[in-house]
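K.L.:
All chains should be modelled from the sequences, with the hints used to inform the complete structure.
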Amino acid sequence: MDLDNSNFEATSGLLNPPNDNIVVQELARSSPCDVNVISPLANDMSSLEGCKKSIFDIFGSEAKNFKHTYIIDEVQGIFDKLQSSKSIEEMLAHHAGMQSVFKVLRSMLNILDFGKTELEWFVNTIDQIFLCVLQISENARIVEQGTQVRDLIRRHDDCLNSKRVVDSNLSNFTRELEDLNAQEFVVKEAGERARMLREQHDSRKFSLNCQIKDAKTSLEKLNKLDEELRQSHISEKELLEIEHIEASCKSQEAEIQKLIDSLVPFCNKS
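Residue numbers in the sequence shown follow UniProt numbering, run continuously in steps of one, and reach 270 at the last position.
It is possible that part of the hints are untrue.
[Unchecked claim] Simulated crosslink set (DSS-like; lysine-lysine; CA at most 25 Å straight-line): (1) Lys116 x Lys81; (2) Lys67 x Lys103; (3) Lys67 x Lys81; (4) Lys163 x Lys216; (5) Lys250 x Lys86; (6) Lys81 x Lys103; (7) Lys116 x Lys258; (8) Lys237 x Lys250; (9) Lys221 x Lys163; (10) Lys67 x Lys116; (11) Lys221 x Lys237; (12) Lys205 x Lys163; (13) Lys213 x Lys163; (14) Lys224 x Lys81; (15) Lys163 x Lys67; (16) Lys224 x Lys213; (17) Lys103 x Lys116; (18) Lys258 x Lys86; (19) Lys250 x Lys81.
These aren't lab readings, by the way, just hints derived from the structure by calculation.
P.N.:
This is the structure we're talking about:
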């Protein structure tokens, strides 16, 4: 049932609604790598979280007035969608629909006899939640880029390590081949021993030539990969910025859940 204005005024002293001028605040600032970093939520947005009255207490759990019934149904519907969302993507899926409902709710604020302060707080709190949700969604691409950068850096490190090993092997193979070539006159003078040495020598020489050829081929490929990776990955300073965004997104999701929890007593039926 409806509450009269005197009852509303008697209880409104328990509430501390947010100032209209601080409802929407800047959530991001420019960073050195041109990505947005989410700022903490404004404390004012939670100023009614201790409210003992729900939307059903304000307008009546069995409101006969169409206007009050509409408000109760829409507030409960919005809250249920937010509370049941398992991810940022699910919240975003409800955004467009909620915006159209908000236009109606805002237009009703000036014609309410009571409950205006609480309804305005509810609408502004939902707006604040979606500011955070939209910012997290925007930065998701940057966070994903961080994963790709880490993979590029890891691959580049592996490439450099492989280059060092192959380059060292190539030097060793080349020196050994030079040593074998210097000893070839001994093979020619040794008779039977020379024949046996020749077989060993030729076998090893063939093996070394194959290894040298393979090593040169591998080195060429690694040099090419090294150049590609050098041109592909961004600086480690930018990676630190991206990691900061990841941590900020996780913190922001916790703040969103806290705001949703603050709506429970307001939106649940007494």
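K.L.:
So if I understand the rule, the pair passes when the alpha-carbon distance is 25 Å or less; does Lys221 with Lys237 pass?
P.N.:
Distance of about 28 Å is beyond 25 Å: violated.
K.L.:
Taken at face value, is the distance from the CA of Lys86 to the CA of Lys258 at most 25 Å?
P.N.:
Within the cut-off at roughly 14 Å; holds.
K.L.:
Would the hint linking Lys205 and Lys163 be met if the CA-CA limit is 25 Å?
P.N.:
23 Å, holds
K.L.:
For the pair we were handed, Lys224 and Lys213, check the Cα-Cα distance against 25 Å.
P.N.:
17 Å, holds
K.L.:
Is the hinted pair Lys213 and Lys163 satisfied, with a Cα-Cα distance of at most 25 Å?
P.N.:
15 Å, holds
K.L.:
Is the hinted pair Lys224 and Lys81 satisfied, with a Cα-Cα distance of at most 25 Å?
P.N.:
Distance of about 52 Å is beyond 25 Å: violated.
K.L.:
Within a Cα-Cα threshold of 25 Å, do Lys67 and Lys116 meet the stated pairing?
P.N.:
Cα-Cα ~13 Å, so holds.
K.L.:
With a cut-off of 25 Å on the C-alpha distance, tell me whether Lys250 and Lys81 pass.
P.N.:
Cα-Cα ~21 Å, so holds.
K.L.:
Quickly compare the C-alpha distance for Lys250 and Lys86 to 25 Å and report which way the hint goes.
P.N.:
14 Å, holds
K.L.:
Lys237 and Lys250: Cα distance at most 25 Å?
P.N.:
21 Å, holds
K.L.:
Take the C-alpha atoms of Lys163 and Lys67, compute the straight-line distance between them, and say whether it is at most 25 Å.
P.N.:
Roughly 74 Å separates the two Cα atoms, so the pair is violated.
K.L.:
Would the pair Lys163 and Lys216 pass a check requiring their Cα atoms to be no farther apart than 25 Å?
P.N.:
11 Å, holds
In terms of the numbered hints stated before, the structure departs from hints 11, 14 and 15, listed from lowest to highest.
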